[in-house]
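Student: Each chain, letter by letter, is given below.
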Amino acid sequence: MRHRRYIFAVLILVLLGGAIAPRSRAGSEPSQEYKLKAAFLYNFLKFVDWSKEKMGDANEPITLGIIGKDPFGQAFEPVKDKDVKDKKVVLKRLKGFEELKTSSAGDERQMQKYIETLRKCHLLFVCASESKSLKEILKHVKDQPVLTVGEMPGFLEAGGIMNFLMEDNKVRFEVNAATAKHAKLKIRSQLLRLAKRVIEEKATSKSDNK
Amino acid sequence: MYADDTDYGARRIRPFLGGAIMVTSNLFSIKRLVYLLMFLAVLGSWSQALGAPAEPNKAADLFEMSIEQLMEVEVISASRQAQKIGELSVPVSVITADDIHYSGLTSIPEILQFAPGVDVIRLSRERYAVGVRGLHDLISDRTLALINGRSAESPLFGGSEFYRYPVLLEDIERIEVVRGPGGAAWGANAFTGVINIITKKPEDVLGGFVSTNIDEFGDSYTHLRYAEKNRKWSWRTSVGYSDYESSDEAGAGRYVSGNQTLTGNPLLGMGFNDFSARDYFRSFLFSGEAFYNYSENTVISFGTDYSHNVLGSYEFLGYYPSGNGWHETVRSYAKLDHQFDDGSSGYLQWFGNFGNSWVPCLMKWSTMQNDIEGQYNFKVGDSHDVSVGGNLRFIRISTETRNPSDLIYSGEPYDEQLAGMFLIDRWHATDRLTFESQIRSDWYSETQTDWSTRLSALYALDDPKDHTLRFSFAKAYRSPLANLRETSTNRLSLAGMGFPGFWAINAMAPSDLENEETWALEAGYTGRLTDSLTLRADTYYQRFTKLIGYRIIPDPLPLGRSFYRPDNIDGADSWGTELELAVERKTGRLSAWYAYNDFQEDISHQMIRSYAPAQHKVGLTGRLFLDDGWTLNANYRYAGTTPVVGDTTIFDVGASHRLDLAVAKKFAEGRGELMIGVSDVFNKTNGPNFGIGEVTAHETPGRTFFVAMQLRF
Chain A
1 MRHRRYIFAV
11 LILVLLGGAI
21 APRSRAGSEP
31 SQEYKLKAAF
41 LYNFLKFVDW
51 SKEKMGDANE
61 PITLGIIGKD
71 PFGQAFEPVK
81 DKDVKDKKVV
91 LKRLKGFEEL
101 KTSSAGDERQ
111 MQKYIETLRK
121 CHLLFVCASE
131 SKSLKEILKH
141 VKDQPVLTVG
151 EMPGFLEAGG
161 IMNFLMEDNK
171 VRFEVNAATA
181 KHAKLKIRSQ
191 LLRLAKRVIE
201 EKATSKSDNK
Chain B
1001 MYADDTDYGA
1011 RRIRPFLGGA
1021 IMVTSNLFSI
1031 KRLVYLLMFL
1041 AVLGSWSQAL
1051 GAPAEPNKAA
1061 DLFEMSIEQL
1071 MEVEVISASR
1081 QAQKIGELSV
1091 PVSVITADDI
1101 HYSGLTSIPE
1111 ILQFAPGVDV
1121 IRLSRERYAV
1131 GVRGLHDLIS
1141 DRTLALINGR
1151 SAESPLFGGS
1161 EFYRYPVLLE
1171 DIERIEVVRG
1181 PGGAAWGANA
1191 FTGVINIITK
1201 KPEDVLGGFV
1211 STNIDEFGDS
1221 YTHLRYAEKN
1231 RKWSWRTSVG
1241 YSDYESSDEA
1251 GAGRYVSGNQ
1261 TLTGNPLLGM
1271 GFNDFSARDY
1281 FRSFLFSGEA
1291 FYNYSENTVI
1301 SFGTDYSHNV
1311 LGSYEFLGYY
1321 PSGNGWHETV
1331 RSYAKLDHQF
1341 DDGSSGYLQW
1351 FGNFGNSWVP
1361 CLMKWSTMQN
1371 DIEGQYNFKV
1381 GDSHDVSVGG
1391 NLRFIRISTE
1401 TRNPSDLIYS
1411 GEPYDEQLAG
1421 MFLIDRWHAT
1431 DRLTFESQIR
1441 SDWYSETQTD
1451 WSTRLSALYA
1461 LDDPKDHTLR
1471 FSFAKAYRSP
1481 LANLRETSTN
1491 RLSLAGMGFP
1501 GFWAINAMAP
1511 SDLENEETWA
1521 LEAGYTGRLT
1531 DSLTLRADTY
1541 YQRFTKLIGY
1551 RIIPDPLPLG
1561 RSFYRPDNID
1571 GADSWGTELE
1581 LAVERKTGRL
1591 SAWYAYNDFQ
1601 EDISHQMIRS
1611 YAPAQHKVGL
1621 TGRLFLDDGW
1631 TLNANYRYAG
1641 TTPVVGDTTI
1651 FDVGASHRLD
1661 LAVAKKFAEG
1671 RGELMIGVSD
1681 VFNKTNGPNF
1691 GIGEVTAHET
1701 PGRTFFVAMQ
1711 LRF
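In order, the protein sequence lines correspond to chains A and B. The numbers in the working numbering rise by one with no breaks, and the one at position 36 of the first sequence is 36. The numbers in the working numbering rise by one with no breaks, and the one at position 577 of the second sequence is 1577.
Hints are computed from structural coordinates only; laboratory data are not their basis. By construction, the Cβ of each residue, glycine as well, lies at the ideal position given by its N, Cα and C atoms. Mixed in with the good hints, there may be bad ones.
Simulated pairs of lysine-lysine, DSS-like, Cα-Cα distance not exceeding 27 Å [what the hints assert, rightly or not]:
#1 A/K142 x B/K1379
#2 A/K69 x B/K1379
#3 A/K69 x A/K52
#4 A/K170 x B/K1586
#5 A/K170 x B/K1335
#6 A/K196 x B/K1335
#7 A/K186 x A/K54
#8 A/K196 x B/K1379
#9 B/K1232 x A/K170
#10 A/K95 x B/K1379
#11 A/K170 x B/K1475
#12 A/K120 x A/K181
Every beta carbon over 10 Å from chain B, so not counted as near; a handful from chain A, in silico [stated by the list, open to error]:
#13 K170
#14 R172
#15 S189
#16 E200
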């Protein structure tokens, strides 16, 4: 019987060796959750209105920024062929905030350019990897017409506008309408009524749409 | 068959590896071959359907959906799992409500046998030996049973008592099976694993529901439920009745003892040759639960469940009195959940489990457990998720002997106390690397203070955390409960042979017992290979020490009597692997698993109160949702020989194949469903199987045709 344990140890190693194999393909294939969230973001663009100044002329695209470690992979591929509000949607992937600070090594110009890029986005998805830098990121787009969307607890309280939640295996979202108003964004009622939670103008008057 | 889930994360299913290795030449009788071909044909059609290009959640399709439609898309195989897979610190399989429903089965142990790594042996119509990775018996005190996270183990015997739980099957949301030592997170005595039954919330089952299942032997299982929700309240109440006819009445075959060692033995008129299988079991069940949303952040919930069982008498340790037995069980709880403004959360809970029983071959007894517990979850910095908690439990056990051969508990009633504290820290060291530390310490008034731990490192191989490696060390223990510490009994009087006051079987109370101890090293991989294909592989080495068994003491007189005394007599090694593979589409589900669970005692032939695990186990499940409301379901399971450890008076349980088939058709716009099916098509799980201390095993019904109907209104 004892020799079986050695066989078994080898099995463990083989098993773990095999487990490493899928690494090469993993990065490009988004999870089903993020395919779904990508579709949500696409829909958010339809139900949020930006000012004419922000929208620019007809040739200017809508910019969807993703800051941090991007979990979407190729999930936005179908958007290439679609228009929103008669505009093309372009995807802009941005370095994580901490990563930028490290790589820019105090280069103010680089940092400023980065912040301008953030502010140019119509929708900015803040990846979970940015939880440590969340307040700093949101500080730079505060009161700017940027629809910030996150997927972490406390995102709305930190100054974010929309936040994804999971409930019973389904994607839900919550909205800070007060922050949206300060950002001069108009979130349509069709979207608000579907939100799990809406924070209105006064911080104390929270409503639960459930 | 087993989708992953949530509270623990969980993963799913298992491949048909090596099934052919286990197939013996006997399998290829014409009849079996026909069954096999039929099964393969059905699977073939499933494969085709599952391979069809209809991927409802394909990215391009999702972009065509409205937000309302998107909100209805379930992401079981992605989000929850993709996130949770990376968070799993234990191997967990989840039996879902669909798995339970489409199996057509009416008892929890029957359903559990289709979970990887779970050993299930039917001893009679209602009594099963159930264990995770073996070490199971009629009294399986090494696997911890929970209902909604609350202890469901007998404070007298330990372990699970599935037959008396006041839980209706259609009220079960899922059953989580944790493999390996789980004491640190789940509470004391989670020695080889945990089986946690989670019930449905009222808001998930609003309205009325009636369901009934009858089979060819006259068994029935009926369930009525009503659930409602208004602004702040939601509540659910169920009543049910189940009736298992005795094996005799079911006409299953030979009903004399199958134990050749003892059948016909002149030993003192035990009557084995006349033994009849009066193993009927009838249950009345009630379950009620309510939730009150006191505020946005505070929920109060409470519930009471009740069961009353009547059972036929059976033999135990050579004692077979006639008459009927009964159990009464009440489980109640009240819980306050609160989410604090700073994002932390917690709960306070009381639960009470109360039982009264009378079993003619044992004795009359009653138990009371009152438990108060609390838990607080908070963040430390940005990267630590911490939970702290503890519980106090007060137990009272009373027994009553009614005749000289009853189990005798000296000095009863027993008042016992248990206090436990735990700390769980989940440290997200990097985006991909997480360390989880669980530690728990328990003080038990009757034995000693002991501790459990689980230390895990989880490493995601990719950013979406679709592929995760896990390495764990775990330690747990099992305290001996009153049944081991205090009981003595004398069975089979020798008065008839001229020795009044002498007994053939003499079980003595021990002078002292220590906790059984175990530790384990584990490694695992969880991966989502495509949107619909998932793989889980877990492997382990587990070391047991101080296992409690029965030490045989020589008869001081040359009378050939048997003397037994519980003692910490043995150690053992256990090792193995479980592989689960699943394909899930909107059109159906195909899953397969293989479990290799090996076990080796340090000292041969020690009676450690259990079976070893079946070394090889295989499971295969297919479910196909067709147009017009038709559903086909098939469950297959192979279990290799299950060796009994140490006891020479009972026998190993032979290898068996089991195949269950069911067809369901919805009607009345999905509000009604009719199901017909057959369980154990091969008719190979009908025994007789011998439990420790139960030598008059008999056959039970195997192949069973059933019909079930349900309506929602």
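Student: Does each hint hold? Answer for all of them.
Tutor: To see whether the hints hold, each was checked on the structure:
no.	hint	in the structure
1	A/K142 x B/K1379	26 Å, holds
2	A/K69 x B/K1379	22 Å, holds
3	A/K69 x A/K52	31 Å, violated
4	A/K170 x B/K1586	15 Å, holds
5	A/K170 x B/K1335	26 Å, holds
6	A/K196 x B/K1335	24 Å, holds
7	A/K186 x A/K54	13 Å, holds
8	A/K196 x B/K1379	24 Å, holds
9	B/K1232 x A/K170	22 Å, holds
10	A/K95 x B/K1379	26 Å, holds
11	A/K170 x B/K1475	36 Å, violated
12	A/K120 x A/K181	18 Å, holds
13	K170	6 Å, violated
14	R172	7 Å, violated
15	S189	12 Å, holds
16	E200	14 Å, holds
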